[in-house]
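S.K.: Between the sequences and the hints, there should be enough to build the whole structure, so can you do that?
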Amino acid sequence: MKEAKIWSILAFLLVFGNSCQNLKKSNLTLFSDIIPKDTPLVFAPGIISIDDYIEGSLVFNPEMTELFFQRRKPEESHNIYTMKFMDGRWSAPELAVFSANKEYLDVHPRMSSKGNQLYFGSRRPINDSVASSGLRQWYIEKHKTGWGQPMHLSEKLFEGEWIMCVSPAANGNLYFTSKEKEDKLEDEGIYYALNQEGRYHTIEKMGKQINGHGKWIAHPYIAPDESYLIYDAERTSKDENSDLYISFTKDGAWTESYSLGSEVNTKLSEGAATVSPNGKYLFFSRGEEKIREDGSTYWMGDLYWVDFTRLKERLQNENGN
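Convert by adding 120 to the 1-based position in the sequence shown; the result is the number in the working numbering.
The hints are simulated quantities; they were obtained by calculation from the structure and are not laboratory data. Owing to the predicted nature of the structure, the values given are computational and were not obtained by experimental measurement. Just so you know, not all the hints are guaranteed correct.
Straight-line alpha carbon distances no greater than 30 Å define the calculated DSBU-like cross-link-like pairs of lysine-lysine that follow [said to hold, decoys possible]:
id, residue 1, residue 2
1, 335, 370
2, 157, 204
3, 301, 325
4, 222, 410
5, 299, 370
Cβ pair distances, simulated, as ranges [as the list claims (entries may be wrong)]:
id, residue 1, residue 2, range
6, 166, 376, 33 to 41 Å
7, 157, 376, 20 to 28 Å
8, 271, 302, 24 to 32 Å
9, 327, 387, 28 to 36 Å
Using N, Cα and C, we set each Cβ at its ideal position, and we do this for glycine too.
M.R.: Right, dumping it as structure tokens:
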């Protein structure tokens with residue numbers, strides 16, 4: 121009996137020690153000494169979130185050893201930056217190879233759950249044209265030797281359609297921002313296209329639970345298993361700033377959308393949310409419009425993160441999901 125107790129204590133110490141070691145070596149703890157719980161914190165201050173820039177749409181590969189995010193100065197165009205975790209440390213942020221041309225806008229990277237595709241929006245020319253193609257959706261594929269060249273999402277279904285921020289589910293279904301041709305840009309909403317044996321045949325607008333009211337309804341993030349959808353919209357704020365909302369699937373249908381709450385949604389604008397591959401953390405941009413001396417305006421903001429496991433559980437309990 122005494123020997124059994126000793127082995128139990130040793131086993132506990134081994135598990136506890138490994139747990140502490142894993143926490144110490146966690147890739148994300150290298151960005152900050154403080155891990156957020158209920159209150160969002162600036163993510164990677166001085167590394168990713170830096171002064172005089174606006175950052176957004178952070179995504180990781182499944183192993184969380186590679187990340188992409190968008191960044192720009194007020195007078196510049198958005199480009200996509202990348203970092204890699206190697207030899208126990210993160211590399212410095214640098215322009216992704218496919219986004220090194222600052223002449224063209226590159227925005228809203230979204231990673232497939234397998235980590236083999238990265239979707240993003242871009243105004244780059246199609247083929248060898250010298251003229252911008254307008255905002256279209258592109259993707260790159262991961263091979264054994266690394267990421268391939270950007271490819272235009274050239275499904276005929278999407279030709280001529282205004283599409284932004286494609287977010288793929290694990291089954292290949294695509295969720296994105298779009299609008300009807302006759303609508304104003306502020307009337308955009310969340311749409312989806314079902315993957316049918318590798319092809320997409322129709323584009324459908326999501327229901328009133330998502331698109332019921334408000335404007336600038338955009339930037340979806342779909343859970344890999346399609347159990348929830350996060351997006352931003354100008355809906356209830358008297359300041360008409362963007363807030364984050366979530367809708368869950370229940371009994372095969374989407375629930376009413378719920379605000380992520382006052383800890384996340386503030387008087388500033390929140391948007392472009394994503395969730396880490398392990399489901400633990402929500403990342404989003406928070407910023408505001410500023411006015412120059414000449415009266416012109418520009419946006420400034422940072423990336424934030426918060427414990428999504430705790431947040432999601434609270435929202436589900438409060439709303440009966």
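S.K.: Each of the hints needs a verdict: does it hold here or not?
M.R.: Verification of the supplied hints:
no., hint, verdict
1, 335 with 370, "holds, 25 Å"
2, 157 with 204, "holds, 25 Å"
3, 301 with 325, "holds, 13 Å"
4, 222 with 410, "holds, 23 Å"
5, 299 with 370, "holds, 26 Å"
6, 166 with 376: 33 to 41 Å, "holds, 39 Å"
7, 157 with 376: 20 to 28 Å, "holds, 26 Å"
8, 271 with 302: 24 to 32 Å, "holds, 30 Å"
9, 327 with 387: 28 to 36 Å, "holds, 30 Å"
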